[in-house]
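Visitor: Spelled out from the first residue to the last, the chains are:
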Amino acid sequence: MSHKLIVDCSTGVTTEVELTAEEIAQREADAAAFAEIKAAEEAAAQAKADAKASAEAKLAALGLTADEIAALN
Amino acid sequence: MANTYTAIATVTVGSGGAANIEFTSIPATYTDLLLKVSVRNTASALDRNMPITFNSSSTGYSERLLYGNGSSALSINRASSDLGYLYTNAANSTSNTFNNFELYIPNYAGSNYKSTSADYVLENNATAATTGLHAGLWSNSAAITSITISADGFSLVQYSTATLYGIKNS
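Going line by line, the protein sequences match chains A and B.
Per the numbering used here, the first sequence starts with residue 6, numbered consecutively.
Per the numbering used here, the second sequence starts with residue 49, numbered consecutively.
So that you can see chain A by itself, here it is in the shape it has in the complex (with noise of 0.2 Å):
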């Protein structure tokens, strides 16, 4: 996909026209800072599961029962 679409209000004409380099290095660089963005997005998602995870393990072992540890979410 290396072009885009250009609607001229005053007259209602379509058209499709090729991206510039310039556009094209934009665009390469918005998809590698949204691939950054979603592993940072992922890892802080893992991060609260295993941090979960470890806390109902503690509360277990503290002799709660897992409607009790539910009872807290």
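Derived by calculation from the structure, the hints in this document are not laboratory data.
Idealized CB from N, CA, C, for every residue including glycine.
Any given hint could be a false lead.
[Stated by the list, open to error] Here are the computed distance ranges between Cβ atoms for each label pair:
#1 B/S189 / A/Q51: 40 to 50 Å
#2 B/S187 / A/L67: 51 to 61 Å
#3 A/E61 / B/Y53: 45 to 55 Å
#4 A/A34 / B/G64: 21 to 31 Å
#5 B/N144 / A/T20: 26 to 36 Å
#6 A/A26 / B/S120: 33 to 43 Å
#7 A/A34 / B/S105: 12 to 22 Å
#8 B/S105 / A/A52: 17 to 27 Å
#9 B/G158 / A/A37: 36 to 46 Å
#10 A/A52 / B/Y53: 41 to 51 Å
#11 B/T77 / A/A26: 13 to 23 Å
#12 B/S119 / A/A71: 18 to 28 Å
#13 A/E27 / B/T79: 28 to 38 Å
#14 B/I124 / A/A52: 43 to 53 Å
[To be verified] Derived contacts from chain A toward chain B, CB cut-off under 10 Å, selection only:
#15 K9
#16 I11
#17 E28
#18 I29
#19 A34
#20 A37
#21 F39
#22 Q51
Given chain A, work out where chain B should sit, using these hints.
Guide: Frame of chain A; chain B shown alone:
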């Protein structure tokens, strides 16, 4: 819809997809603008940002988003090169579903800074879905003559649509 709404232009993405959609030569003859968008992005995620810019400018934008995704809610405040916290369906949402989105721009042709308000929701037949309320500001006194909708590094799929309405107060 009020009878003062006029569809200025509409576009549907073809089989090749599109990186951007640009509305150009927007006439200054209306009071307000309303942009309605229903799109799907090719990014491998549930949702994906859909940055919007005016007059090809990359400066002067600030925004506040109230956002929920089925498991959490948050508020985001941001100043950047676009109005970027606007989300669309992406490739991991239910097949062939598209988002619903609208952006309202009052007094777009005046010499004041341009405020915006938007709301959107993804369609996803699962617990996770994204919805948001968005307030934006473009700190620029120029009349808005063009609007660019970006797929933010990816593509908008076939059958994605965008329609720009002009609204008059009489």
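Visitor: Quick one: are B/G158 and A/A37 within 36 to 46 Å, going by C-beta?
Guide: holds (38 Å)
Visitor: Lying within 18 to 28 Å: is that true of the beta-carbon distance B/S119 to A/A71?
Guide: Since B/S119 and A/A71 have Cβ atoms about 21 Å apart, the given range 18 to 28 Å holds.
Visitor: Report holds or violated for the interface hint on A/A37, using the least CB-CB distance to chain B and a cut-off of 10 Å.
Guide: holds (8 Å)
Visitor: Hint says 51 to 61 Å; check whether the CB-CB distance for B/S187 and A/L67 agrees.
Guide: Holds, at about 55 Å.
Visitor: With a cut-off of 10 Å on the beta carbons, see whether A/E28 makes it to chain B.
Guide: With a closest approach of 7 Å, the A/E28 hint holds.
Visitor: Grab the minimum C-beta distance from A/Q51 to chain B and call the hint holds if it beats 10 Å, violated otherwise.
Guide: Violated - the Cβ of A/Q51 stays beyond 10 Å from chain B, reaching only about 15 Å at its closest.
Visitor: Next item in the hint list is A/K9. Is there a CB on chain B closer than 10 Å to its CB?
Guide: holds (4 Å)
Visitor: Does the Cβ pair B/S105, A/A52 satisfy 17 to 27 Å?
Guide: At 38 Å between Cβs, range violated.
Visitor: Okay, A/E27 versus B/T79 on CB: inside 28 to 38 Å?
Guide: holds (35 Å)
Visitor: Would you check whether A/I29 satisfies its interface hint, that is, whether its CB is within less than 10 Å of any CB in chain B?
Guide: holds (9 Å)
Visitor: For the hint on A/A34, just tell me whether its beta-carbon gets within less than 10 Å of chain B.
Guide: Nearest chain B Cβ about 7 Å off; hint holds.
Visitor: So does B/T77 sit 13 to 23 Å from A/A26, Cβ to Cβ?
Guide: The hinted range 13 to 23 Å is violated for B/T77 and A/A26, with Cβ atoms some 36 Å apart.
Hint check: violations occur at hints 8, 11, 14, 22; the rest are consistent with the structure.
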